[in-house]
Amino acid sequence: MIRPGKMIKQVLGSLFKKPATTEYPFHKKTLDVPARFRGKLKFYPEKCIGCNQCVRDCPSNAIKIRKVADKVFEADIDLGKCIYCAQCVDSCPKRALEATCEFELASIDREKLKVTFRDNTKIAPTK
Amino acid sequence: MKALFNIFIFPGFLFLFVFGLSAQFFDRRIYARLQNRQGPPWFQPLADFIKLVSKEEIIPEEANPNMFKAMPVIALTAVVTSILYIPMWSPKALSYFNGDLVVVLYLLTIPTLTFFLGGWYSTSLYSKIGAVRALTQLFAYEVPLLMSILAPALLANTWSLTGMATFYSAHPGYWLFNMLGFAIAIVTLLGKLEKVPFDIPEAETEIVAGMFTEYSGRFMALFKLSIDMETIVAASLLAAVYLPFWIGNGPAIGFIVYLLKVLFIIALLSLSRTVFARLRIDQMVSFCWKFLAPLAFAQILFNLAVKGFIIK
Amino acid sequence: MHKVVIPIGPQHPALKEPESFSVTLSGERILAFSARLGYNHRGIEKACEERTYLQDVYLTERICGICSHTHSTAFVQAVEEIAGLVIPERASYIRTIIGELERIHSHLLWLGVAGHEVGFDTLLMYTWRDREIVMDILAQVTGNRVNYGCNTIGGVRRDIDPSQTKDILKAIDTLEERTKYYIDIATKETTLIERLSGVGKLSKIDAVTLGAVGPTGRASAVDRDVRRDDPYAAYDKLKFKVVTDDHCDVYGRALVRVGELMESYKMLRQALKEMPEGPLTVKAPRKIPAGEATSRYEAPRGECFHYVKSNGTDKPERVKVRAPTLANVQTVAKMLEDGQLADLPIVIAAIDPCFSCTDRITLIKRSGSRGPAKRMSWEDLHTYSIDWYRKKGLDFTGLNEKLKKWI
Numbered sequence: 012m013i014r015p016g017k018m019i020k021q022v023l024g025s026l027f028k029k030p031a032t033t034e035y036p037f038h039k040k041t042l043d044v045p046a047r048f049r050g051k052l053k054f055y056p057e058k059c060i061g062c063n064q065c066v067r068d069c070p071s072n073a074i075k076i077r078k079v080a081d082k083v084f085e086a087d088i089d090l091g092k093c094i095y096c097a098q099c100v101d102s103c104p105k106r107a108l109e110a111t112c113e114f115e116l117a118s119i120d121r122e123k124l125k126v127t128f129r130d131n132t133k134i135a136p137t138k
Numbered sequence: 003m004k005a006l007f008n009i010f011i012f013p014g015f016l017f018l019f020v021f022g023l024s025a026q027f028f029d030r031r032i033y034a035r036l037q038n039r040q041g042p043p044w045f046q047p048l049a050d051f052i053k054l055v056s057k058e059e060i061i062p063e064e065a066n067p068n069m070f071k072a073m074p075v076i077a078l079t080a081v082v083t084s085i086l087y088i089p090m091w092s093p094k095a096l097s098y099f100n101g102d103l104v105v106v107l108y109l110l111t112i113p114t115l116t117f118f119l120g121g122w123y124s125t126s127l128y129s130k131i132g133a134v135r136a137l138t139q140l141f142a143y144e145v146p147l148l149m150s151i152l153a154p155a156l157l158a159n160t161w162s163l164t165g166m167a168t169f170y171s172a173h174p175g176y177w178l179f180n181m182l183g184f185a186i187a188i189v190t191l192l193g194k195l196e197k198v199p200f201d202i203p204e205a206e207t208e209i210v211a212g213m214f215t216e217y218s219g220r221f222m223a224l225f226k227l228s229i230d231m232e233t234i235v236a237a238s239l240l241a242a243v244y245l246p247f248w249i250g251n252g253p254a255i256g257f258i259v260y261l262l263k264v265l266f267i268i269a270l271l272s273l274s275r276t277v278f279a280r281l282r283i284d285q286m287v288s289f290c291w292k293f294l295a296p297l298a299f300a301q302i303l304f305n306l307a308v309k310g311f312i313i314k
Numbered sequence: 027m028h029k030v031v032i033p034i035g036p037q038h039p040a041l042k043e044p045e046s047f048s049v050t051l052s053g054e055r056i057l058a059f060s061a062r063l064g065y066n067h068r069g070i071e072k073a074c075e076e077r078t079y080l081q082d083v084y085l086t087e088r089i090c091g092i093c094s095h096t097h098s099t100a101f102v103q104a105v106e107e108i109a110g111l112v113i114p115e116r117a118s119y120i121r122t123i124i125g126e127l128e129r130i131h132s133h134l135l136w137l138g139v140a141g142h143e144v145g146f147d148t149l150l151m152y153t154w155r156d157r158e159i160v161m162d163i164l165a166q167v168t169g170n171r172v173n174y175g176c177n178t179i180g181g182v183r184r185d186i187d188p189s190q191t192k193d194i195l196k197a198i199d200t201l202e203e204r205t206k207y208y209i210d211i212a213t214k215e216t217t218l219i220e221r222l223s224g225v226g227k228l229s230k231i232d233a234v235t236l237g238a239v240g241p242t243g244r245a246s247a248v249d250r251d252v253r254r255d256d257p258y259a260a261y262d263k264l265k266f267k268v269v270t271d272d273h274c275d276v277y278g279r280a281l282v283r284v285g286e287l288m289e290s291y292k293m294l295r296q297a298l299k300e301m302p303e304g305p306l307t308v309k310a311p312r313k314i315p316a317g318e319a320t321s322r323y324e325a326p327r328g329e330c331f332h333y334v335k336s337n338g339t340d341k342p343e344r345v346k347v348r349a350p351t352l353a354n355v356q357t358v359a360k361m362l363e364d365g366q367l368a369d370l371p372i373v374i375a376a377i378d379p380c381f382s383c384t385d386r387i388t389l390i391k392r393s394g395s396r397g398p399a400k401r402m403s404w405e406d407l408h409t410y411s412i413d414w415y416r417k418k419g420l421d422f423t424g425l426n427e428k429l430k431k432w433i
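Residue numbers (our numbering), protein chains in the order written: chain E, 12 to 138; chain P, 3 to 314; chain F, 27 to 433.
Hints are computed from structural coordinates only; laboratory data are not their basis. Heads up, the beta-carbon is just placed ideally off N, CA and C, and yes, glycines get one too. Where hints are given, some of them may not hold.
[Unchecked claim] Reference excerpt, derived from the structure (chain F facing chain E, CB under 7 angstroms, subset only):
(1) GLN37
(2) LEU80
(3) ARG155
(4) GLY169
(5) GLN356
(6) ALA359
With the hints as constraints, model all of the structure from the sequences given.
Written out as C-alpha cells, the structure is:
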C-alpha cells in the first residue's frame, strides 16, 4: 500500500537511540582502526639492505633510500606524496618497511610531511 | 516608553531573536536526532549568525541596490510587528482590535513577498526562478491557510485573536473541533516557512539557494533571522488559534505553557520535514488546491454546523 | 513564454563533481539540454604510459574513488591476458568478493544521493549510515575504505581469513534486512514515488541506440550484464540473476539498483562458501611481452572497458579507459526531453554519474584562433596559468610564505 510518511516509525525510533555519528576530533575512543590498515609508513634502518626495490615500485616516488655509510641506510619518506598503497611493504625482501595504523597525518606545512628515518646508533657522530 | 520596550525587547525583537535562534537549534537538533545524527551544538545558530554578520556583503552589479538592501529589513520588521497581536500567556495580546487576525495573516505574508522582490531584484537567474516559485507557492498555500484559520474564528464569532482566546478559554474543549484545521495549518506552514516537502523556492539541488542565491553577509543574516522569527510567530499564531488551553493561570505558568506549545508545533514541523521528499512545484500547487483547500472548506462547514446545532 | 538559459555547473550543488550543463528553460519546462565534458581531465592514460605495470595498478585504481576496484581489476585483467597469466582460483574469488562489496557500497551511496537530490535527506542519512557497515568490512579486509589496493598483477595482495568471513556474513545479514527496508520505502513512500516515477523516461529502443550500460540500460529492459555475458574473475561459478525492469524511468533505475543489492548478498554468501584454498598470486614478470588486450568489467555504474597495449618493456605502450558514465551521459539529454527543471538533478543522478572517471580529453575552445595545435610542457602550462590569473588581478606568488606568517 502506498502511503506518505513511511519512514515515520523508524525516525521516531531514532529519537531514543544513540546517534550513529560521533564528535570526531573530541571523542576518538569509538574509532577502531583495523589491523590491516595502511597508514603512515615505518622504516627499520637496521633491516634495510639498500636493494631499492621499494623506490622502484613506489607509484608516487614518495620514498628515497640513502646510503650513509657501509651497510647503513636511511629513508626519506614524503608523506604528502605517499598514496598509502603499501606496495613498498610488499616489495621489501627484508621487511624493513611497515604500514602502521597512524592516520591523522594532516599538516599545514609541507616540510613537516617529509620524514626521515635513520638509525642513530650506527651513524658516526659528525661535526 | 512601554511601547518601545514592547517592540525592541519583549516580546518584540530581542525576545524573538533569542527564542528564534533557540528554536532553530531545537529544530536542527531534533531533525538530526530523527536522522540518527549528533546534530549541532547549542550555540551553532548564534555562531552562524555572527559569522554571516561579520562577512563581506556583495551586491551584484546588475541588482537594484536599494531594493536589494531594503528587503531583509522589511521582512524582519513585518515579522516583529505581527507578534504584538498574538496572545501568548494570557487571553489578551499586547495590542488588539477587532480584525487583528487578518492583519497578522497579512503581516506574515510580507516576508514571502520580500523574498520574491529580493530574489527578483538581484537579477540572478537562479534567484529569479526561485522568486517566481516562491510567489507561485504563496498562491497555493495561502488560501487553505486562511480558510483553516477562518474556521476557528467563525466558531468564536470574532475577527480578533484576543477575542478568540477569550472565547476558547470560556468554552474549554471547543478547540477540539478545529483539529482538522490544525493539521491543514501545519502542512501549509511548511509551505510558508519553505521547509521540505515545500522547500521548492530554495531547492538547493535545483536552483542553488533560490531567491537567496545572491545574498551574503548581513543581508543574508537578516533574511535567515526573519525566517527564524517567522517560525516563532507562525507557531505562536497556531498555538493561539488551535491550542487555546491552559491560558490565564498567571504569567509564569502561562509563559511556560506557551513555550511548550510553540516547541511542540516546531517539533511537528521538524518531523514532517524529516519524512517527506521535496515535491515539484506543479505537484505542490495541485496538492494544495485539490486536497488542502477542500479539506479546509469542510472544516469551515463543520464549524458552521457546530455553531448552528451545539452552541445555539 | 520567455526563454532563459541557465547554467548547471561547473560548480553547482546538484553536481558532486565539476561538469557543465546548459539548460534552456521556458518557465519550468526544459526545452534543450547540452552537456560539456572535460573539466576533470587528469591525463591518467598518458601517466599510465610513463609508469611500470605495477605502479599503474595503483594509478588506475585512482581513476574513480567509488569504483576503484573496478578500474584496477579491469586493468590487471588486460595485463594478465597479455602476459598469459592464469591467476589462482582463490584470488579470482577474492576479486569477486571485493567487487561485490564495492557494488553494495556504491549502490547504497547512490540511494542516498538520489534521496538528497529530491530533497529527502533522511534517506541519505540512513543509507549512508548503513553504508558504513560495508565500508568497515572493506577496511578490515583490504586495509582501506576506498582505493583498496587489493589487486596486483597475477593475483591479490590480501587474503580473507575465517574470522573476516564470519564478519562479512554477519554484515550481509544486517545489510540485507536494511535493504529490504529501503525497498519498502522506495516502493511505498508517496512523495518519493511522486518524484521518481515517470521521470526521465528512456525507452528500450533509445537505450539501445544511445548505448546505455549498467543499471541505466537494465532499467529500460536492456538485458545486458558483463558478469553473465562475458564472465570474468569467479562470476562463471556463481548463480545470480540479472535484474531488469521495464519502468524505463528513474523509479525503475532505483528498483534495479536495490534489486542488484539483494543479488549481491546472495552472490557473496555463495562465493564465501565455495572459495577454495590455495595461493593468492602467481609470479608476474616485470616486463610484459608485446601484445594487446581488452578487458571488460561490470562496474556498479555499468560496463567499464580497458584496453592495454604492451611493447615488451616494463611500461605499457597505450592504456585506454572507457568509464561507464561516458556511455550513459548521452542518454541524459534524451531523458530530459520535455522534462521539468526540478527533475534535472535526479535525472542526472539516476545514471549515477562519475564525471572525473569519464574525462579523457579537454577541449579548450578559443574563438577566432584556428591555427595549428600547440603542445605545452608542464612548465609552460604552469607559467601560463600564473599569467592567466595575474591578468585577472590575482597574484598567488609567495602565497605559501604569506600563509606561513599567518599561521
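Here's how the hints hold up against the structure:
With 7 angstroms as the threshold, the beta carbon of GLN37(F) stays out of range of chain E, its nearest partner Cβ sitting at about 24 angstroms, so the hint is violated. Because the closest C-beta pair between LEU80(F) and chain E is about 6 angstroms apart, less than 7 angstroms, the hint holds. Using the Cβ-Cβ criterion of 7 angstroms, the hint placing ARG155(F) at the interface with chain E is satisfied: the shortest such distance is roughly 5 angstroms. Interface restraint check: GLY169(F) against chain E, minimum CB-CB distance 4 angstroms, threshold 7 angstroms, status holds.
For GLN356(F), the interface hint is violated, since its Cβ never comes within 7 angstroms of a Cβ in chain E; the closest pair sits about 33 angstroms apart. Interface restraint check: ALA359(F) against chain E, minimum CB-CB distance 31 angstroms, threshold 7 angstroms, status violated.
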